[in-house]
Amino acid sequence: MSNWEHQYREEVSAFTSPQQLDTQVLQQAKRLQPKKDIGRILSRASLGCATIAAILMLVHPAQHLGALTPRMTPENESPQPELEIARWQPPQIESETQEDPWQALRNQVTAGNYIALCQEWRLQQRTTAKQPLPRELRKFAQKRCRILH
Amino acid sequence: MSRKAFQHLTDEALLDHYKETRKTVVFHQLYTRHKDALYRYSIQMAPASSAKILQELWQKILENPPQLHGRLFRNWLFIQINKALREQQALNEHKSTAVDYRKSAVLVAIQKLPSLQRNILLLHMECKLSLATVADIEQISLKKCREYYHRAKEQIETLVYGVQPKPWQVEVIEE
Chain A
1 MSNWEHQYRE EVSAFTSPQQ LDTQVLQQAK RLQPKKDIGR ILSRASLGCA
51 TIAAILMLVH PAQHLGALTP RMTPENESPQ PELEIARWQP PQIESETQED
101 PWQALRNQVT AGNYIALCQE WRLQQRTTAK QPLPRELRKF AQKRCRILH
Chain B
1 MSRKAFQHLT DEALLDHYKE TRKTVVFHQL YTRHKDALYR YSIQMAPASS
51 AKILQELWQK ILENPPQLHG RLFRNWLFIQ INKALREQQA LNEHKSTAVD
101 YRKSAVLVAI QKLPSLQRNI LLLHMECKLS LATVADIEQI SLKKCREYYH
151 RAKEQIETLV YGVQPKPWQV EVIEE
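In order, the protein sequences belong to chains A and B.
Numbered as in full-length UniProt numbering, the first sequence ends at 149 without a single skipped number.
Numbered as in full-length UniProt numbering, the second sequence ends at 175 without a single skipped number.
Read the hints as simulated data drawn from the structure, not as lab findings.
No experiment lies behind these values; they were computed from the predicted model shown.
One should not assume that every hint holds.
Unchecked claim - Computed list of lysine-lysine pairs in DSS-like fashion (alpha-carbon distance at most 27 Å, straight line): (1) A:30 - B:19; (2) B:112 - B:19; (3) B:23 - B:52; (4) B:52 - A:30; (5) B:153 - A:30; (6) A:35 - B:83; (7) B:35 - A:30.
Start from the sequences and build out the full structure, keeping to the hints where you can.
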């Protein structure tokens with residue numbers, strides 16, 4: 001930088017924008033500054049409240065309880081469902097009366113007649129019977145009857 | 001938000017921010033950055049009407065912040081002030097100056113330069129625009145612009161320090 005350029009910088013530094021001009025321009029800027037928009041603030045606040053309300057509604061347990069309740073329609077509407085449930089009883093199972101095929105033989109053994117028992121036992125000893133003697137009759141037979149070869 | 005908070009922002013970012021918010025504090029930062037350079041330039045180009053031109057320029061920016069389209073705000077600012085000064089010069093040419101330059105030989109020398117050279121010199125030296133931008137503003141070639149700039153500097157030197165004695169040159173006499 002030459003000497004005159006240095007000199008120029010020094011001398012010109014005194015030239016600054018006049019105070020009056022600065023004031024006028026900045027006043028104009030203030031005039032053009034938008035006023036605080038209350039509507040926008042309110043809008044933001046209401047949006048915030050609505051968001052919170054929506055979150056609360058979604059999170060609230062009543063929302064989930066309500067979801068399980070069936071909708072009442074004339075078709076499936078029942079006036080007293082609880083009473084019906086209380087009255088319900090399981091269907092009764094019919095008892096099957098089974099006849100004891102060894103009853104006659106038992107009666108004879110009880111009466112002290114062992115002939116029929118022994119015959120049946122001997123028969124079963126020879127062949128494989130479909131219905132083997134009941135346990136108590138077999139014991140009686142083992143005590144009382146002889147095996148004839 | 002204080003003015004310090006905007007100090008790190010570029011002019012272009014500040015302008016964008018001002019466009020969105022229209023906050024005085026943002027504009028103030030932008031204004032403070034350029035007001036003195038603009039004033040120094042305009043007062044040396046059109047002393048009588050510089051304040052009026054500057055006020056109009058800032059009003060234009062305030063009312064309708066410019067679309068820069070990738071340009072620097074500083075360049076845009078000096079292009080606009082240059083246009084306004086040209087229009088003003090065309091309207092009232094040769095008006096008396098409002099600034100007293102008598103104390104400064106350099107400032108007087110600058111005033112004595114032709115308008116084109118003075119403009120090129122001030123835009124490059126004072127406004128810190130590149131010579132390419134100055135050439136665009138003046139709508140001349142870069143080579144020509146550089147030539148005018150150096151010629152202006154030489155003229156100022158001559159006006160401030162007088163004609164420098166040139167060293168003796170020995171001419172070769174052809175026999």
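Here is how each hint holds up against the structure:
1. A:30 - B:19: Judged against 27 Å, a Cα distance of about 14 Å means the pair holds.
2. B:112 - B:19: 41 Å, violated
3. B:23 - B:52: 24 Å, holds
4. B:52 - A:30: 19 Å, holds
5. B:153 - A:30: 42 Å, violated
6. A:35 - B:83: Roughly 34 Å separates the two Cα atoms, so the pair is violated.
7. B:35 - A:30: 17 Å, holds
Of the numbered hints listed earlier, those contradicted by the structure are 2, 5, 6.
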